[in-house]
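Using the numbering used here, the letters of the sequence shown correspond one by one to residues -16 to 213.
Be aware that one or more of the hints could be misleading.
Here are the simulated lysine to aspartate or glutamate pairs, DMTMM-like style, with alpha carbons at most 25 Å apart [claimed, not checked]:
hint	residue 1	residue 2
1	K136	D(-13)
2	K41	D(-13)
3	K162	D27
4	K136	E48
5	K68	D5
6	K136	D90
7	K162	E79
8	K162	D120
9	K41	D52
10	K41	E79
11	K41	D104
12	K68	D104
13	K41	E130
14	K136	E83
15	K136	D166
16	K162	D174
17	K136	D191
18	K41	E75
19	K136	D102
20	K68	D36
21	K68	E79
22	K68	D90
23	K68	D102
24	K136	E45
25	K136	D104
Each pair of labels, with its calculated beta carbon distance range [as the list claims (entries may be wrong)]:
hint	residue 1	residue 2	range
26	E39	V197	36 to 44 Å
27	E39	D102	27 to 35 Å
28	R150	E39	31 to 39 Å
29	V115	R192	26 to 34 Å
Simulated from the structure, these hints should not be mistaken for lab results.
C-beta atoms are modelled at their ideal positions from N, C-alpha and C, and glycine is treated no differently.
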Amino acid sequence: TIPDVRVRQAINKAINRPQILDGFLNGNGGIIDGFITSYSPFYDESVIPVAYDPDEAKALLEAAEWTQDNPLAFKINSGDPTFVKAANVVVEQLREVGIEASVTTLDINSLLQSANTNDFDLLAVQYTMVPVDPYPDVSWLVTGTPEFPNWVKYSSDEMNAYVDAVRAVEDGDTQSLIKAYGDIDRLVQQDVPVISLYVISPLGVVADRLHSAVPSPYGFLLNVHQWQLD
-16 TIPDVRVRQA
-6 INKAINRPQI
4 LDGFLNGNGG
14 IIDGFITSYS
24 PFYDESVIPV
34 AYDPDEAKAL
44 LEAAEWTQDN
54 PLAFKINSGD
64 PTFVKAANVV
74 VEQLREVGIE
84 ASVTTLDINS
94 LLQSANTNDF
104 DLLAVQYTMV
114 PVDPYPDVSW
124 LVTGTPEFPN
134 WVKYSSDEMN
144 AYVDAVRAVE
154 DGDTQSLIKA
164 YGDIDRLVQQ
174 DVPVISLYVI
184 SPLGVVADRL
194 HSAVPSPYGF
204 LLNVHQWQLD
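Starting from the given sequences, assemble the full structure and let the hints guide the process.
Take a look at the structure:
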């Protein structure tokens, strides 16, 4: 819940997301801004993730006349040890551009309580997006009004219109959905109501005797009719 968009943009540029993905997940994932990954049929390849740029982050903070009396409260889920380690790297990278933050680990119920009461400056939740129809999650996370705020107290008539455009697309019109979700992701880059640190690729372990079994975000058994066992 950081009100100045320039500070939110600075935070996004201050985090070296590719380094975190490679260092903690061995590169098994991707970097996106917004909600649509390359696994989705609605993925817009023209939406290029914001690059790591600490110098630009410092310039944005200077323009915002950034000062702070206390570290930002960065609340995360204690049940994800990989993300706990990554969060500490994020804090160090923020410090390098002039933002002090302090990590607090909470169990998931306490974390969600903090989210529901807006009791945080920064908050990370490991979120699972439905690749077939992400509309309900996207709508929940970024639409809102001052009277009915979302977790991050973000309200934008432009964003609300983009989300409404998704709902108005007729079934089967994939190209219109690609454009609509692309508009949403670009506005996320501009306004930074949320930051995606990384997305995780689907992983699985398969015996050598089993062929054609491939992990998929749509379910491991998606192509079970094609499996072959030696």
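Quick check: which numbered hints come out false for this structure? 7, 13 and 17
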